[in-house]
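There are 2 protein chains.
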Amino acid sequence: MEPMSADQLTAEVVERLEGTTNPRLRVVMQSLVRHLHAFAVEVALTDEEWMQGIQFLTATGQKCDDVRQEFILLSDTLGLSSLVDLINHAGDEPGATEPTILGPFYVPNSPERSFGASMVEFDDGGEQTIVRGIVTDVDGQPIADAVLDVWQNSANGFYAVQQPDVQPATNLRGIYRTQADGSYEFRTVRPQPYSIPDDGPVGQLLKATGRHPFRAAHLHVKVSAPGFIGTTTHVFDAESDYLDSDTVFGVKGSLIRSFTPDLDGQLVCAMDFALRSDG
Amino acid sequence: MEPMSADQLTAEVVERLEGTTNPRLRVVMQSLVRHLHAFAVEVALTDEEWMQGIQFLTATGQKCDDVRQEFILLSDTLGLSSLVDLINHAGDEPGATEPTILGPFYVPNSPERSFGASMVEFDDGGEQTIVRGIVTDVDGQPIADAVLDVWQNSANGFYAVQQPDVQPATNLRGIYRTQADGSYEFRTVRPQPYSIPDDGPVGQLLKATGRHPFRAAHLHVKVSAPGFIGTTTHVFDAESDYLDSDTVFGVKGSLIRSFTPDLDGQLVCAMDFALRSDG
Numbered sequence: 540m541e542p543m544s545a546d547q548l549t550a551e552v553v554e555r556l557e558g559t560t561n562p563r564l565r566v567v568m569q570s571l572v573r574h575l576h577a578f579a580v581e582v583a584l585t586d587e588e589w590m591q592g593i594q595f596l597t598a599t600g601q602k603c604d605d606v607r608q609e610f611i612l613l614s615d616t617l618g619l620s621s622l623v624d625l626i627n628h629a630g631d632e633p634g635a636t637e638p639t640i641l642g643p644f645y646v647p648n649s650p651e652r653s654f655g656a657s658m659v660e661f662d663d664g665g666e667q668t669i670v671r672g673i674v675t676d677v678d679g680q681p682i683a684d685a686v687l688d689v690w691q692n693s694a695n696g697f698y699a700v701q702q703p704d705v706q707p708a709t710n711l712r713g714i715y716r717t718q719a720d721g722s723y724e725f726r727t728v729r730p731q732p733y734s735i736p737d738d739g740p741v742g743q744l745l746k747a748t749g750r751h752p753f754r755a756a757h758l759h760v761k762v763s764a765p766g767f768i769g770t771t772t773h774v775f776d777a778e779s780d781y782l783d784s785d786t787v788f789g790v791k792g793s794l795i796r797s798f799t800p801d802l803d804g805q806l807v808c809a810m811d812f813a814l815r816s817d818g
Numbered sequence: 540m541e542p543m544s545a546d547q548l549t550a551e552v553v554e555r556l557e558g559t560t561n562p563r564l565r566v567v568m569q570s571l572v573r574h575l576h577a578f579a580v581e582v583a584l585t586d587e588e589w590m591q592g593i594q595f596l597t598a599t600g601q602k603c604d605d606v607r608q609e610f611i612l613l614s615d616t617l618g619l620s621s622l623v624d625l626i627n628h629a630g631d632e633p634g635a636t637e638p639t640i641l642g643p644f645y646v647p648n649s650p651e652r653s654f655g656a657s658m659v660e661f662d663d664g665g666e667q668t669i670v671r672g673i674v675t676d677v678d679g680q681p682i683a684d685a686v687l688d689v690w691q692n693s694a695n696g697f698y699a700v701q702q703p704d705v706q707p708a709t710n711l712r713g714i715y716r717t718q719a720d721g722s723y724e725f726r727t728v729r730p731q732p733y734s735i736p737d738d739g740p741v742g743q744l745l746k747a748t749g750r751h752p753f754r755a756a757h758l759h760v761k762v763s764a765p766g767f768i769g770t771t772t773h774v775f776d777a778e779s780d781y782l783d784s785d786t787v788f789g790v791k792g793s794l795i796r797s798f799t800p801d802l803d804g805q806l807v808c809a810m811d812f813a814l815r816s817d818g
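Going down the list, the sequences are from chains A and B.
The numbering used here applies: residue 540 is where the first sequence begins, and numbers increase by one.
The numbering used here applies: residue 540 is where the second sequence begins, and numbers increase by one.
Simulated from the structure, these hints should not be mistaken for lab results.
Treat each hint with caution, since some may be false.
Said to hold, decoys possible - Pairwise CB distance ranges (calculated): (1) T799(B) x E554(A): 28 to 36 Å; (2) N648(B) x S544(A): 35 to 43 Å; (3) D586(B) x G749(A): 26 to 34 Å; (4) S734(B) x D783(A): 26 to 34 Å; (5) E554(A) x D738(B): 34 to 42 Å; (6) A629(B) x P633(A): 48 to 56 Å; (7) A550(A) x A747(B): 19 to 27 Å; (8) E581(A) x L806(B): 43 to 51 Å; (9) E651(A) x N561(B): 49 to 57 Å; (10) E551(B) x P650(A): 36 to 44 Å; (11) S653(A) x R607(B): 51 to 59 Å; (12) K746(A) x D738(B): 35 to 43 Å.
Claimed, not checked - Below are the EDC-like pairs computed for lysine to aspartate or glutamate, each with C-alpha atoms no more than 16 Å apart in a straight line: (13) K746(A) x E557(B); (14) K746(B) x E651(A); (15) K761(A) x E660(A); (16) K761(B) x D688(B).
On a predicted model such as this, the values are computed, not experimentally measured, just so you know.
C-beta: ideal position from N, C-alpha, C; glycine also.
Isolated chain A, as found in the complex:
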């Protein structure tokens, strides 16, 4: 009797999934099986490597808790999160601000802050800066009353949510709105490069593959307005380290901005956002 070939086995597994009643789940699972099997065949995965993979995935799941999502870190550092982001926005209208990943540190319900107000509630020596710009549609028409939900890390490299005993919960988080001319403005400190949590399986994998765990300095913004498709994006500091090697592949050239002193010596970062109409 002739032993089964790898191709025959893959075909049998794919066939076994034909009974999936949800047609989308069937497509996703059959594609997953084909690619998973193709990977194992391509590298001729050994029994020991298979077991290492099982142990790695198990440890990754067991590292997750209420405030730590190690599988998202894994997805981020393998470029999968950025890829999913890119796939789902590949057809976006030209002229709209490029989105990038949400990241693990977003907290909803930040305090509403007035035009120009500071979101610094904890002083650890950060460099004072103003961030300002306008929010428009893709044709450049200003959008009044657009909402900017902003969050970033402190000079010590940590987000408030990572340091509940050190930083006030709403430090460096705020919700701002544009004026009638589409302009927004807020005061903050310059964001810092930082290490993603690297004391778990993902940190070990980064080390084993000769990679550092750092992200380029950035602030996060979710921009939304009635009648428009909201976007979740970053503004990167043009002088930051790691712009070419952001460990989660989040940097997009169109999102890099300078932090430049104005005539009074006040540091300013100018960033405009353009939203697509949802009509």
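Chain A is fixed; fit chain B onto it per the hints.
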């Protein structure tokens, strides 16, 4: 500025892994990234599906404990375990007994039992049977003093290791040796089809994909002998349900045997094993 394409992003992640010092790890990780990305692109994975995947993998890791390995179940039910087995034995000498998966219920250090002895230590109404045959090299020459490490489930469908409060720990486990003519023989009960543990994420996935959680009835044997390459395999009952739909894709045609009454009405399963020389 032109947004990055999916191909460019994949190439960037692969490039980032060039610093992996272990050349084998580099090959494995680069192939993994290419196939993972190709899957996401092929199905145009949505944000919601990505998050469902993250949650599924997290739940799978968190279901694992000292006696439950949900990631191995996932690998088994996606056919990956059988594929790895097949890849690593594709070049085996013709004539050798085909291997199949180890499964999660192997326990080392089973009791040594004499030729013909029973390994039944717990009576729950199983059908008495004799299993016998010879162990040879691939040319059919008998191997004396070969070791057969055997384990199987009871009439109630469970292995002793799954029921520490019900079955004696060594029930239906035993180590047998061949005589000078290569023959072995033991008394047992007929193995039963059974469900893999299906109260976790893998069980949910089987349900969602219209699949049952059953394995065809089988007994497990690890056969070894000095001077030969050992094999880990199954003997399947030719009258079992699920031979065509074993949920872990473990069935190989060459491993199916009849359980047939002899002239005295005693049920007998005849199975020979052939080992490759390690020379």
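To see whether the hints hold, each was checked on the structure:
no. : hint                          : result
1   : T799(B) x E554(A): 28 to 36 Å : holds (32 Å)
2   : N648(B) x S544(A): 35 to 43 Å : holds (36 Å)
3   : D586(B) x G749(A): 26 to 34 Å : holds (30 Å)
4   : S734(B) x D783(A): 26 to 34 Å : violated (52 Å)
5   : E554(A) x D738(B): 34 to 42 Å : violated (26 Å)
6   : A629(B) x P633(A): 48 to 56 Å : holds (50 Å)
7   : A550(A) x A747(B): 19 to 27 Å : holds (21 Å)
8   : E581(A) x L806(B): 43 to 51 Å : holds (45 Å)
9   : E651(A) x N561(B): 49 to 57 Å : holds (51 Å)
10  : E551(B) x P650(A): 36 to 44 Å : holds (37 Å)
11  : S653(A) x R607(B): 51 to 59 Å : holds (54 Å)
12  : K746(A) x D738(B): 35 to 43 Å : holds (36 Å)
13  : K746(A) x E557(B)             : holds (13 Å)
14  : K746(B) x E651(A)             : violated (46 Å)
15  : K761(A) x E660(A)             : violated (21 Å)
16  : K761(B) x D688(B)             : holds (5 Å)
When the structure is compared with the earlier hints, violations turn up for hints 4, 5, 14 and 15 and for no others.
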